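Between the sequences and the hints, there should be enough to build the whole structure, so can you do that?
Here the protein sequences come in this chain order: A and B.
Throughout, this note's numbering is defined as the position within the first sequence, counted from one, plus 762.
Throughout, this note's numbering is defined as the position within the second sequence, counted from one, plus 762.
Just so you know, these hints were derived from the structure itself, not from any lab.
Mixed in with the good hints, there may be bad ones.
No copy labels: a pair is met if it fits in one copy or bridges any two.
Pairs of lysine to aspartate or glutamate, DMTMM-like flavour, derived with a Cα cap of 25 angstroms [unchecked claim]:
| hint | residue 1 | residue 2 |
| --- | --- | --- |
| 1 | Lys-916 | Glu-1106 |
| 2 | Lys-1110 | Glu-818 |
| 3 | Lys-1145 | Glu-943 |
| 4 | Lys-813 | Asp-803 |
| 5 | Lys-910 | Glu-818 |
| 6 | Lys-770 | Glu-898 |
| 7 | Lys-786 | Asp-852 |
| 8 | Lys-1045 | Glu-805 |
| 9 | Lys-1110 | Asp-905 |
Bear in mind the structure is a predicted one, so any value in this text is a computation, not a measurement.
Number of protein chains: 2
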Amino acid sequence: MQFADRLKNVETSAIRELFKLLGKPGIISFAGGFPDPAMFDIEGIRQASSKALTEEPGAALQYGATEGYGPLREQLSSFMASKGVAVQPDGLIVTTGSQQALDLLGKTLINPGDRVIVEGPTFLATIQCFRLYGAEVISAPIDAHGVKTDELEKLMAEHQPRFVYLIPTFGNPSGALLGLERRRQVLEMAVRHQTLIVEDDPYGDLYFGEAPPPSLLSLTGSVPGSRELLAHCGSLSKVLSPGLRIGWMIAPPALLANAVMCKQFSDAHTSTFAQATAAHYLKAGRMPATLTHVRKVYGERAAAMGQALKRELGAAVSFEQPQGGLFFWARLTGEGGKISDAGEFAKKAIEQLVAFVPGAPFYAANPDMTTFRLSFATADVGKIEEGMARLGRAI
Amino acid sequence: MQFADRLKNVETSAIRELFKLLGKPGIISFAGGFPDPAMFDIEGIRQASSKALTEEPGAALQYGATEGYGPLREQLSSFMASKGVAVQPDGLIVTTGSQQALDLLGKTLINPGDRVIVEGPTFLATIQCFRLYGAEVISAPIDAHGVKTDELEKLMAEHQPRFVYLIPTFGNPSGALLGLERRRQVLEMAVRHQTLIVEDDPYGDLYFGEAPPPSLLSLTGSVPGSRELLAHCGSLSKVLSPGLRIGWMIAPPALLANAVMCKQFSDAHTSTFAQATAAHYLKAGRMPATLTHVRKVYGERAAAMGQALKRELGAAVSFEQPQGGLFFWARLTGEGGKISDAGEFAKKAIEQLVAFVPGAPFYAANPDMTTFRLSFATADVGKIEEGMARLGRAI
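Structure (structure tokens):
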């Protein structure tokens, strides 16, 4: 059988290969990108789905509008309002996880050969998703404060990208937080170059201390002309449950309309059963308590990981302590003749029954082989300390 | 904002425009393509989802495997076995409705400019879905017994299509049932021309009297080499609930593997919450009773519609009585100077507060303007008789 040429642009994920090793008994894994299932508000979700089946069984089980279930769009509008963003229910569409928002952006916007700028490093599935539509994916370098805006602007001028994709708040894998001044600059650059910015924001609610700077979306109000050049992707996956597959996209009307047209032929609509459940969950007002709980637990784990990482690996690694999200992003310094290649380190770590993800696959180009990602979300503090001790033995 | 060229291949659906008129008070609609929500086994679904949240909340709410939730793949394997098809759980993948199976076939197989053969008429969203991937969609003519295999083979020889897409059992919109002999011929032609056949089968379980001939998939056993050239799409949407968005695809291993790779970047996976619910529903053994009930009710409605249509419209229409599915497919004969254009008839019908869908949009090319589709699924017998009387006044 002959397959479409677009498949040639995508490689089987190196991470998938690694994940096959995770079944080893006794392994402590920091490799995943998922939330801790112990954080799921099962009782709240049970009540919400039961209400959906009692109060509107027809709607919850029938075909629904491609743009999303009305009551959920209203609840998401309120949820965004609680984060300082004014968006009407019809200013957003519901997507099957925010992964589908990325797919719809690709389908709607990318012609084969078009350039798209992403952060280097960025979310692996974003790079592959855009490449499947034929995009040439260009990397803009980051530091501990997110994308370097001066370099980004040079790349925008040089490559005339179809759009720029950023995870400004607690990036995956970088954990980096884009500063307020840089956020303003990004929006100004969008207007100057008349280029769409895609803000992917699955982690913005997962802050441990102070709230992060406002999202690019909420800053568009202070940068004239920028709201028409911003698409914002949100998700319930990291704060409530990935299994519901509820994401959303806020974007200019013409882009939303085309995304809806494409979605009609992608999956008709997102599960109304899951949408009605999410709507009742949000309506019941349980989200603030859920967020408070999740922030506290992940905050403790992040603190524990930072301390243990310093204690056990010392000068052999360098990293910034993340202020939110799910990830540590670290570099092997090679100091004292220690391992400096993260792929090699990952193999030694597996021998010590501890797993993480080397950083290379997160780069669209020019990977930094010394980098690696640790998730602190799914292991408790005891496991984190034991895991870091194993890493200390592996290096 | 500039959009991707692929969007130029797709028109806004004429049906969508019509649907805007359906809000008119007092209207009786035969326009939809959905099942009757009164048929939904709400109690069974409630019990199933509650079990999923009690017995495996972690799995039901967490990220899941792209190929589908293990226990659901097992249940679907058993469900297919009950229909005479032997397929291992890993021989099928779960999709977000069978619409997503079509999208994944497009993404995996179609290069811009490739030809794909479909029935004329066929499911509208299939045509649009494949066109978004740049396919040139060719129509093979049908009669009351489904696609005309001699004409289909000529088209296959002429166009060398990437694949042939058929709804052999109670087609949408045709309601036609492909006979056993033609089914065998299709599989033999697949082998002769080494061309993939896509069998879309959302309606096969909805028969009113005798069971239809075996699916193309189950006939592959008797046509050597054909199993490697068949992709079969199934769905719970028409028999249980569209809102769950649970479909599946059975296909040769290389095609399944590439579809999974593409699905990873389309929506990561289908809602595990919906999948776990569907798995428990099937496991509880409620499906046979649900099917018996649905077949009985739809069978009565189809019978009532056929009688009333003859009584009220007489020689002004011609049609075959469907033996299953959701649809009547009829032709305006123009006899006695009556209307022969279905678009004009639809407008007159709306004035009489009754709605249906003209047939033209279901053709990829050369539409037959005299055709129209009536769904008997969502109106009870009384409404069907009143609706046909209104149609009689409209013509």
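Lys-1045 and Glu-805: within-copy, between-copy, both or neither at 25 angstroms Cα: both (15 angstroms within a copy, 23 angstroms between copies)
Homomeric proximity label, Lys-813 with Asp-803: Cα distance no greater than 25 angstroms: For Lys-813 and Asp-803, the Cα distance is within 25 angstroms both inside one copy (15 angstroms) and across copies (16 angstroms).
Intra- versus inter-subunit Cα pairing at 25 angstroms for Lys-786 with Asp-852: Close across copies (22 angstroms), not inside one copy (48 angstroms); limit 25 angstroms.
Alpha-carbon proximity between Lys-910 and Glu-818, which holds within one copy, between copies, both or neither at 25 angstroms: neither (49 angstroms within a copy, 44 angstroms between copies)
Intra- versus inter-copy proximity for Glu-1106 and Lys-916 (alpha-carbon distance at most 25 angstroms): neither (34 angstroms within a copy, 58 angstroms between copies)
Intra- versus inter-subunit Cα pairing at 25 angstroms for Lys-1110 with Asp-905: neither (28 angstroms within a copy, 66 angstroms between copies)
Status of Glu-818 relative to Lys-1110 across identical chains (alpha carbons, at most 25 angstroms): neither (54 angstroms within a copy, 34 angstroms between copies)
Homomeric proximity label, Lys-1145 with Glu-943: Cα distance no greater than 25 angstroms: Neither way: Lys-1145 and Glu-943 sit 38 angstroms apart in one copy and 64 angstroms across, limit 25 angstroms.
Status of Glu-898 relative to Lys-770 across identical chains (alpha carbons, at most 25 angstroms): The answer is both: 13 angstroms in one copy and 22 angstroms across copies each meet 25 angstroms.
In terms of the numbered hints stated before, the structure departs from hints 1, 2, 3, 5 and 9, listed from lowest to highest.
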